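Q: In case you want the letters, here they are:
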Amino acid sequence: MAEQFELTQEMKDQIGWESQPWTWEVTTTSVRAFARGVGYTDPVYFDVDAAKKAGYRNLPAPPTYMGTTVFIPGQTDDTFSFPPGFSPNIDAGMTGLLDGGTETEYFDTVCAGDTLSSVNRLSDLSVKESKSLGKMLIISTETTFTNQDNKVVAVQRSQIIFY
Amino acid sequence: MTITWESIKEGDTLPELKKKPSVTQLVKYAAGSGDFNPLHHDYNFFQSQAIGSIIVHGKFKYASLGELVSNWLGHNGFIKNISCQYRGMDFPDKELTCRGSVDRKWEEGGEKLAELTVFAENEDGKQTTPGKVIVSFKE
Numbered sequence: 001m002a003e004q005f006e007l008t009q010e011m012k013d014q015i016g017w018e019s020q021p022w023t024w025e026v027t028t029t030s031v032r033a034f035a036r037g038v039g040y041t042d043p044v045y046f047d048v049d050a051a052k053k054a055g056y057r058n059l060p061a062p063p064t065y066m067g068t069t070v071f072i073p074g075q076t077d078d079t080f081s082f083p084p085g086f087s088p089n090i091d092a093g094m095t096g097l098l099d100g101g102t103e104t105e106y107f108d109t110v111c112a113g114d115t116l117s118s119v120n121r122l123s124d125l126s127v128k129e130s131k132s133l134g135k136m137l138i139i140s141t142e143t144t145f146t147n148q149d150n151k152v153v154a155v156q157r158s159q160i161i162f163y
Numbered sequence: 001m002t003i004t005w006e007s008i009k010e011g012d013t014l015p016e017l018k019k020k021p022s023v024t025q026l027v028k029y030a031a032g033s034g035d036f037n038p039l040h041h042d043y044n045f046f047q048s049q050a051i052g053s054i055i056v057h058g059k060f061k062y063a064s065l066g067e068l069v070s071n072w073l074g075h076n077g078f079i080k081n082i083s084c085q086y087r088g089m090d091f092p093d094k095e096l097t098c099r100g101s102v103d104r105k106w107e108e109g110g111e112k113l114a115e116l117t118v119f120a121e122n123e124d125g126k127q128t129t130p131g132k133v134i135v136s137f138k139e
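Chains R and Y, in that order, are what the protein sequence lines are.
The first sequence begins at 1 in my numbering and counts up one residue at a time.
The second sequence begins at 1 in my numbering and counts up one residue at a time.
Be a bit skeptical, because a hint or two may be false.
Using 30 Å as the maximum straight-line C-alpha spacing, the simulated DSBU-like pairs for lysine-lysine come out as follows [said to hold, decoys possible]:
hint : chain 1 : residue 1 : chain 2 : residue 2
1    : Y       : K132      : R       : K131
2    : R       : K53       : Y       : K28
3    : Y       : K94       : Y       : K138
4    : Y       : K126      : R       : K52
5    : R       : K131      : Y       : K126
6    : Y       : K59       : Y       : K20
7    : Y       : K19       : Y       : K138
8    : Y       : K112      : R       : K52
9    : R       : K128      : Y       : K132
10   : R       : K53       : Y       : K59
Over the 10 Å line for every Cβ pair with chain Y, so calculated as not near, a few chain R residues [what the hints assert, rightly or not]:
hint : residue
11   : S19
12   : S87
13   : F162
Quick caveat, the hints were computed from the structure, so don't treat them as lab data.
Computed from a predicted structure; not experimentally measured.
We put the CB at the ideal spot given by N, CA and C, even for glycine.
Taking the hints into account, I'd like the entire structure generated from these sequences.
A: Spelled out as structure tokens, the structure:
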């Protein structure tokens, strides 16, 4: 547990930092794998005919699924599958990691066959104190997903907590 | 029967979605999402040992809230915004109940909209994952 932790100017200077773009693929197999992982039974996420009957051009991405990053060993993160250089380089010396919250704002439907490009931006850094975890660093990021037609389809805002 | 914007009213509740994710289910979610953090499958991982268990992915609960809304909406609309906060840890083989209700319905710029409060609740009735959703109906 961190007893003492303060944001340094060097950390604060990184607010606004942006990652390089990276590709996320939405495929019939990846949609099925995600829907199966969540436990969906709705055929629209598994059966292309059912998806077309429901008005989609292909299997729709279930809510919160933005595709799967193209995995290249040594580049894509082996644990979280994040794109290379996706996360801001904030070394707080804390090893505990928790998800704080996630918001996805959608501007268009995402379906199998789409290829999305992500850019992640560091939008804020803050420090909070918890009774059980001590000092916590909260990293807020905003990921913009642009599809193959150069349309922004979603923005995902996340908070991760180091403690 | 398809749900429509006309047929819903403020205060309506969504049919609840009960889940009891096993370790195997979490492994499937890890494969489907690409999140292989060992905290969600490896009891020997240092953070699992410190907590005393592996824990359910926060984003599994987030996606489950999406499933709750998707099942209710029956594809007669589009989720414009879905958010949640991870307020408490959940554990494998424990029941999680996803619930939601309609807070508000309104029309704006030709869109038929509804705002929902959603949450996942543990066996003790604690809301570990509260969230909000905005839906745009086709009809």
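Q: Indicate, hint by hint, whether the structure satisfies it.
A: Now the hints, each set against the structure:
Between Y:K132 and R:K131, the direct Cα distance comes to roughly 27 Å. Compliance with the 30 Å bound is thereby established for this hinted pair. Of the pairs offered as hints, the one joining R:K53 and Y:K28 holds, with about 27 Å between alpha carbons and a cut-off of 30 Å not exceeded. Proximity of Y:K94 to Y:K138 is assessed by CA-CA distance (about 36 Å); at most 30 Å being required, the pair is judged violated. Simply put, Y:K126 and R:K52 have alpha-carbon atoms about 39 Å apart, too far for the 30 Å limit, and the pair is violated.
With a C-alpha separation of about 18 Å, the suggested pairing of R:K131 with Y:K126 holds against the 30 Å cut-off. Restraint check for Y:K59 and Y:K20: satisfied, since their Cα atoms lie roughly 15 Å apart, inside the 30 Å limit. With a C-alpha separation of about 29 Å, the suggested pairing of Y:K19 with Y:K138 holds against the 30 Å cut-off. Of the pairs offered as hints, the one joining Y:K112 and R:K52 holds, with about 23 Å between alpha carbons and a cut-off of 30 Å not exceeded.
Distance hint between R:K128 and Y:K132 is fulfilled; the C-alpha atoms sit about 23 Å from each other, no more than 30 Å. With a C-alpha separation of about 29 Å, the suggested pairing of R:K53 with Y:K59 holds against the 30 Å cut-off. Under the 10 Å C-beta cut-off, the non-interface status given to R:S19 relative to chain Y holds; the minimum distance is some 17 Å. For R:S87, the requirement that its beta carbon stay farther than 10 Å from each beta carbon of chain Y is met, with the minimum near 13 Å.
Its beta-carbon lying about 12 Å from the closest one in chain Y, R:F162 satisfies the requirement of being farther than 10 Å from that chain.
Consistency note: the structure conflicts with the earlier hints numbered 3, 4.
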